[in-house]
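*Asks:* Place chain Z on chain U using the hints.
Chains as they are written, first to last, in our numbering: chain U, 16 to 369; chain Z, 16 to 369.
Honestly, the hints are just simulated from the structure, not real lab data. Bear in mind the structure is a predicted one, so any value in this text is a computation, not a measurement. One or more hints might be untrue.
Pairs count within a copy or across copies, as identical chains cannot be separated in the list.
What the hints assert, rightly or not - Restricting the straight-line Cα-Cα distance to at most 25 Å, the calculated cross-link-like pairs of lysine-lysine (DSS-like) are: (1) Lys63 <-> Lys323; (2) Lys323 <-> Lys341; (3) Lys328 <-> Lys70; (4) Lys70 <-> Lys82; (5) Lys196 <-> Lys219; (6) Lys57 <-> Lys79; (7) Lys323 <-> Lys70.
Number of protein chains: 2
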Amino acid sequence: MAGIRKAAAIGGGVIGAGWVARLLLNGIDVSIFDPDPEAERKVSEVMKNSRRAYKTMVPGGLPKEGKLTFAKSIEQAVAGADFIQESVPERLDLKHKVLAEIDKHAAVDAIVGSSTSGILPSDMQTAMKHPERLVVGHPYNPVYLLPLVEIVGGKQTSPEAVEKARELYTSIGMKPVVIRKEIEAFVGDRLLEAVWRESLWLIKDDITTVEELDDIIRYSFGIRWAQMGMFQVYRVAGGEAGMRHFIAQFGPCLSWPWTKLMDVPELDEELVDKIANQSDEQAHGLSIRELERIRDDNLVAIMEALSKQNKGKGWGAGALHNDYTKRLSKLAQKPAVSKAATKAVASKPKKKKG
Amino acid sequence: MAGIRKAAAIGGGVIGAGWVARLLLNGIDVSIFDPDPEAERKVSEVMKNSRRAYKTMVPGGLPKEGKLTFAKSIEQAVAGADFIQESVPERLDLKHKVLAEIDKHAAVDAIVGSSTSGILPSDMQTAMKHPERLVVGHPYNPVYLLPLVEIVGGKQTSPEAVEKARELYTSIGMKPVVIRKEIEAFVGDRLLEAVWRESLWLIKDDITTVEELDDIIRYSFGIRWAQMGMFQVYRVAGGEAGMRHFIAQFGPCLSWPWTKLMDVPELDEELVDKIANQSDEQAHGLSIRELERIRDDNLVAIMEALSKQNKGKGWGAGALHNDYTKRLSKLAQKPAVSKAATKAVASKPKKKKG
Numbered sequence: 016m017a018g019i020r021k022a023a024a025i026g027g028g029v030i031g032a033g034w035v036a037r038l039l040l041n042g043i044d045v046s047i048f049d050p051d052p053e054a055e056r057k058v059s060e061v062m063k064n065s066r067r068a069y070k071t072m073v074p075g076g077l078p079k080e081g082k083l084t085f086a087k088s089i090e091q092a093v094a095g096a097d098f099i100q101e102s103v104p105e106r107l108d109l110k111h112k113v114l115a116e117i118d119k120h121a122a123v124d125a126i127v128g129s130s131t132s133g134i135l136p137s138d139m140q141t142a143m144k145h146p147e148r149l150v151v152g153h154p155y156n157p158v159y160l161l162p163l164v165e166i167v168g169g170k171q172t173s174p175e176a177v178e179k180a181r182e183l184y185t186s187i188g189m190k191p192v193v194i195r196k197e198i199e200a201f202v203g204d205r206l207l208e209a210v211w212r213e214s215l216w217l218i219k220d221d222i223t224t225v226e227e228l229d230d231i232i233r234y235s236f237g238i239r240w241a242q243m244g245m246f247q248v249y250r251v252a253g254g255e256a257g258m259r260h261f262i263a264q265f266g267p268c269l270s271w272p273w274t275k276l277m278d279v280p281e282l283d284e285e286l287v288d289k290i291a292n293q294s295d296e297q298a299h300g301l302s303i304r305e306l307e308r309i310r311d312d313n314l315v316a317i318m319e320a321l322s323k324q325n326k327g328k329g330w331g332a333g334a335l336h337n338d339y340t341k342r343l344s345k346l347a348q349k350p351a352v353s354k355a356a357t358k359a360v361a362s363k364p365k366k367k368k369g
Numbered sequence: 016m017a018g019i020r021k022a023a024a025i026g027g028g029v030i031g032a033g034w035v036a037r038l039l040l041n042g043i044d045v046s047i048f049d050p051d052p053e054a055e056r057k058v059s060e061v062m063k064n065s066r067r068a069y070k071t072m073v074p075g076g077l078p079k080e081g082k083l084t085f086a087k088s089i090e091q092a093v094a095g096a097d098f099i100q101e102s103v104p105e106r107l108d109l110k111h112k113v114l115a116e117i118d119k120h121a122a123v124d125a126i127v128g129s130s131t132s133g134i135l136p137s138d139m140q141t142a143m144k145h146p147e148r149l150v151v152g153h154p155y156n157p158v159y160l161l162p163l164v165e166i167v168g169g170k171q172t173s174p175e176a177v178e179k180a181r182e183l184y185t186s187i188g189m190k191p192v193v194i195r196k197e198i199e200a201f202v203g204d205r206l207l208e209a210v211w212r213e214s215l216w217l218i219k220d221d222i223t224t225v226e227e228l229d230d231i232i233r234y235s236f237g238i239r240w241a242q243m244g245m246f247q248v249y250r251v252a253g254g255e256a257g258m259r260h261f262i263a264q265f266g267p268c269l270s271w272p273w274t275k276l277m278d279v280p281e282l283d284e285e286l287v288d289k290i291a292n293q294s295d296e297q298a299h300g301l302s303i304r305e306l307e308r309i310r311d312d313n314l315v316a317i318m319e320a321l322s323k324q325n326k327g328k329g330w331g332a333g334a335l336h337n338d339y340t341k342r343l344s345k346l347a348q349k350p351a352v353s354k355a356a357t358k359a360v361a362s363k364p365k366k367k368k369g
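For reference, chain U alone in the conformation it holds in the complex:
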């Protein structure tokens, strides 16, 4: 399986920094570019959290961390990288500009992944001379812990790039799912947006508060969905009668006047205020940093719990967690792969000066 020798991260926000953390903790050197003067501090905060979480996951010792370099330009960041992840804000014009710059300076065979939550790769790759190596690699926050990455190719993306991206993401402990057709928002965010829209109505209409709605999720189907998705859950719920019977029963409800999803609630100041205020109350005085650590501890604990299920083989994210932590432990026993590989890359004649 192909691994990443040297990576570049373009954009160091919550998502970009999460990628940096996952890569470094896998022993891979990363060069990052982010024009934000605060980027270095923000990335170091995410690194602190991610190190803390990984130490719990791999108590026997972690691989030697990769080296992090803050580059002064995209050109400098992508020099020598065989994997580049773009995580800049969601504006097509900005994506075009950044991807063109990456494209111009990166090795032609480097894989370029975009963290976009919804923009079509076909729309993004128009600005590239080597559009065939662009894939969407859409992760979930916190990127250093949650395994899913949705891979979406555009019209000009080569099947080889999709396959290579799948290998590279797998090599850093992730669960790639290749989306079969290119659609806006892909799959996960479509599902999330559906819940989000409905939730906004429920809050706006005072059916529930932010905290009550969150409790309704996390004391019921949230726990279910940590281990089986919607269809498997319903298969089991259908009981002996089976999936066909279950759907036939559920089907007619779709025409009931339940959801208000036909309309989009206006996110006016009143609604934003209501949500923000209720969210403040819900936090019960815990800071974002404290909530982040609680979240990370919870996520690790859930994955570890699942790693012991299914007769010790692990189930779902737990089975992957077993593989991943074993791989990290093994990597900790030998000099990080990336060091030797980096040298090999460095001694290779460069396509572009940088």
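*Replies:* Below, chain Z alone, put in the same frame as chain U:
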């Protein structure tokens, strides 16, 4: 806090049997009525699973199980019960008939909970002479493990009944959330229906298979939602910029043409077949019973993992799990509360013969 002395379950399907299991395992006697000749076998299957799960949860020994009686009529089932849970199929005419029968024979101060997933309590209580004691108590499958119960009162429901129902559900280890306004499908099912509708489109349009969609859920936001709901997750994701900033950023996406939720996909035979076939493949040969046991093991493991978080105090469903298992252990040390209580009820002059 008020507890349940003797319970009646009307309907013994997956949900009804789940209620029976939770009640019996809390040491409460239950009388059940279900005209299905297979009911006894089906309930005993659920009992097997639930006993297995509870033994893991409370390794020191469980409370003496309540006594289960199969009644020959609703009248017989509700005799002497101070808590009655109705879980019959989702047809308003049937609910009317069953609730009128319960109402006629139950003690006037008994709380009547309905497991309906979406019918308004106001619409159901019209057939009752004592409509003030009807609440919706909407649980999640498996009822013996998942803590959430959505309590919804109708126009004629008394605030006292809502409060009493909250206490009774709490006393059997559940997390009641009282819905502030009566709406069809309440809150959880509105969110689930939104995901379901969107998922049907994704499958119908071959964007993803049932298994891929499930993986997208359970390797990403499913794990997140086991411990924090959508709003808390977004609060944390917003990072230092805060919730207001996060919503402002997310807001405009709502007008993007992402979801197809305005339309309802036709659940024709072709789509039902596709889903059922893909679901068969996804099961990889595991039977429903095997999947049920895997699911239960996973759910218990997740709740246990969460019970150790937050400096040992537990977090979310994990904090509740701590309280619940402690209560069950304590109950195991003394004769089940329900025994003495049942006698007291039995010796009380009955309102109705039965």
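*Asks:* All hints, please: hold or fail.
*Replies:* Verification of the hints:
In this homomeric assembly, Lys63 and Lys323 come within 25 Å of each other (Cα to Cα) only across copies, at 22 Å, whereas the closest approach inside a single copy is 27 Å. Proximity of Lys323 to Lys341 under the C-alpha cut-off of 25 Å is found in both arrangements, the shortest distances being 14 Å within a copy and 24 Å between copies. For the identical chains of this complex, Lys328 and Lys70 are neighbours both inside a copy (22 Å) and across copies (22 Å), given an alpha-carbon limit of 25 Å. Taking the shortest Cα distances, Lys70 and Lys82 sit within 25 Å of each other inside one copy (18 Å), while across copies they are farther apart (49 Å).
In this assembly of identical chains, Lys196 and Lys219 lie within 25 Å of each other by CA distance solely across copies; the values are 12 Å between and 35 Å within a copy. Taking CA atoms no more than 25 Å apart as the test, Lys57 paired with Lys79 passes inside one copy only; the shortest distance there is 22 Å, against 55 Å between copies. Taking the shortest Cα distances, Lys323 and Lys70 sit within 25 Å of each other both inside one copy (18 Å) and across copies (17 Å).
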